[in-house]
Amino acid sequence: MDFLLTSILDGLLLGFVYGLAAMGLTLIWGVMNVINLSHGPIISLGMFGVYLLFSGLGINPYVALIFVAIFGLLLGIVIYFVAVNRVINAPHLSTLLATFSVAMIITGLGTAVFSASPRNVDYSLGSFTLGSATIPINRIVAAALSMLITAGLYIYLRRTRSGRYIRAVANNRNAAELMGVPSVRILALSFGIGTMLATVAGGLIATLFPFTILAGGTYELKSFVIGVLGGLGNPVGALLGGLILGVLEGIIPTFMPATWVPVIEFILFVLILMVRPQGLFGAKKS
Amino acid sequence: MKRTIILSLFLILALALAACGGGTTAEPAAQPAANDAAAPAADQPADTEAAAPAATTETMVIGFTASQTGSQNVASTGQVNGLNLWKDTVNAAGGIELPNGTKVMVEFVSYDDESNTDRVQELYTRLATEDNANFLISPYSSGLTAAAAVIAEQYGKVMITTGAASDDTYKQGLTMVYQAYTPASRYLTGAVDLLEHVDANAKNIAFVYENSKFSTDVVEAARQYAEGKGYNVVLAEGYDPETTDFGPFINKIQDAKPDAIMGGGHFQDGSTFARQLNEKNIGVSFFALLVAPPEPDFADLGEAAVGVVGPSQWELQAAFTPESATAAGLDWYGLLGEEFVQGYEAKYDGTEPSYHAAGGYAAGLILEKAIIDAGSTDPDAVRQALEAMNLLTFFGHIQFDTTAEAHGLQTGHSMVYIQWQKDASGNLVKEVVWPLEGATAETLYPAP
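In order, the protein sequences belong to chains A and B. For the first sequence, the residue numbers in our numbering are 1 to 286. For the second sequence, the residue numbers in our numbering are 1 to 448.
Simulated from the structure, these hints should not be mistaken for laboratory data. Think of the CB as a built atom: it goes at the ideal place given N, C-alpha and C, for glycine as much as any other residue. One thing to keep in mind: the hints can contain errors.
[Unchecked claim] With beta-carbon atoms standing in for the labels, derived distance ranges:
no., chain 1, residue 1, chain 2, residue 2, range
1, B, A441, A, L148, 45 to 55 Å
2, B, K257, A, L148, 36 to 46 Å
3, B, K257, A, F128, 18 to 28 Å
4, A, I264, B, D118, 21 to 31 Å
5, A, R276, B, N204, 39 to 49 Å
6, B, T321, A, G126, 51 to 61 Å
7, A, P182, B, T125, 54 to 64 Å
8, B, T440, A, L280, 56 to 66 Å
9, B, A404, A, I264, 39 to 49 Å
10, B, D331, A, G126, 53 to 63 Å
11, A, V263, B, K257, 23 to 33 Å
12, A, V263, B, P99, 51 to 61 Å
Kindly produce the complete structure, drawing on both the sequences and the hints.
Printed below as a string of structure tokens:
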């Protein structure tokens, strides 16, 4: 059963990246109670951003992530003002439809431009072997960068003025406005940071697996499962949820056919919703 | 209350994702220029041909769906490109010339099936009833074709299937469906023979495959064949078509200590699997994967492509010529492989044709030859011509099973096996390694 340990390690490392992707979704929910259905297509854009910079301009994929992050931030701010801002106070269905429309636009344009052909970022850092365990170094780097970004986000939310504003708006938007916090700008910034996290997670996934313009959908679903596991609106819970999901994906195939992975994941999803809808680590209090 | 809201939100989400997962459009990919001109294989001359003395021209409509979106996009696009090249070639020559001098021009009606079985049934019904297609060509993939074949039978339309290798479709008593591809039951058996040839000591095989109709059929047949030859099957397991992380799965394969891995599925999962097999470097000497390796895009994997073997329905190197037809006692029909490649590259900006593209062209060519042999576009006459067909084309030998048990199953065609290798200057090249009589290089064994 040597391979069990290797599989747990594989899953754990990937779990950090899943957590990063889910953090983008859960941050937006936590701050403005919007479920961002364009999360998956935005992850795909992150993948293509790294792919295009790497294969077109020869930029190292990890350096390309910086450009992808800036693009993600700006894209999120644009999406917020175009699609979300005017329905932010409407019932949930309006924001769902607004972000769903954005998803359809991105997917449609992306398919027209890139087709649904698989792409691959042919950049390998080799493998790290310890005993019988072989771990691709790309996976270790992706996990390390995800941890760094999470730590950066944590510090940003705790230590900077705009970070504190985001927390204030998430906590009580009316009270924050009364204290002089420019809530619309802060909401736009939060949406931007959420999409930035999604694009960066997409960029990291692109260094691990081949992908298509439709690939983000898989990670969007995982992000929802993770969000519910960790508690929607709780970024740290998202990271822990990501790790749990990653480890499950590592362990399940060692005991039963690999096709059971999505079945178990979604049974867990429904169970958590029924038994502990605030998530294992507690959701944002509304 | 809050719980109810969250549950209903996720229900909406699930519906939304299901809607956006498939694709974007239901509009026709190519509208028929004049559908009514095609209705029942008209005998009337076309307007523009009024001045021609004796020869009449008619137009026949061929209907099919293309996976412009969704998981089958890559292979389907190649197939449709091949079909379009065939249509252009026929029409540029003034149409298919029947023995009585009539020229039959070809018109296509096609729709985007979004790689979705439900859409295929809906669209083929539309092709048969509203668009009045005279003949049908299958979509790409066995699953979609199985759905389309039932509709073809129901409406009495002759369908040439291509890009669809599963055997089962032809064992359901269908009488209107004819297969261009080598069936799944003979897809990987050659890889077992190749393994036996390169290493007599290899005894353990792991079969890992996408949980789809096609891959399961292929692997089941290959597994029986391998066991019949005395191989131990140390692992036989399917994976979900949406799988992206094969890491834990590969660890399990490594634990089973196989000498060879065979299986795979379609392009996306196959290329993902191959990349991770390479990164994990699990010390297996022989990889044979379905569908993905023969695609030119497989070379995008770089080092991870080296050594991977794949069965191909067609490779240019495996030269079929009028001379080889004579030697085999078969009739030859159509263009040479080189001519197909030249035509394809000229039409598609230098893109190299994959076997899916050759399969698309071959489907048109088979129909063309059957119409000429039948002397008309009458479905019964064309069916009889297909039943009697036994010829060699650039795509290989074409003959159909005419028994009730497996009517329409391809019995003439066989696979070639390619392997990605590096040439002297370090560039990735695709070499034919099996069968030996068509081989262009020695097998790279053990794979790096």
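Now the hints, each set against the structure:
no. : hint                        : verdict
1   : A441/B / L148/A: 45 to 55 Å : 46 Å, holds
2   : K257/B / L148/A: 36 to 46 Å : 38 Å, holds
3   : K257/B / F128/A: 18 to 28 Å : 21 Å, holds
4   : I264/A / D118/B: 21 to 31 Å : 27 Å, holds
5   : R276/A / N204/B: 39 to 49 Å : 46 Å, holds
6   : T321/B / G126/A: 51 to 61 Å : 46 Å, violated
7   : P182/A / T125/B: 54 to 64 Å : 57 Å, holds
8   : T440/B / L280/A: 56 to 66 Å : 58 Å, holds
9   : A404/B / I264/A: 39 to 49 Å : 44 Å, holds
10  : D331/B / G126/A: 53 to 63 Å : 54 Å, holds
11  : V263/A / K257/B: 23 to 33 Å : 28 Å, holds
12  : V263/A / P99/B: 51 to 61 Å  : 59 Å, holds
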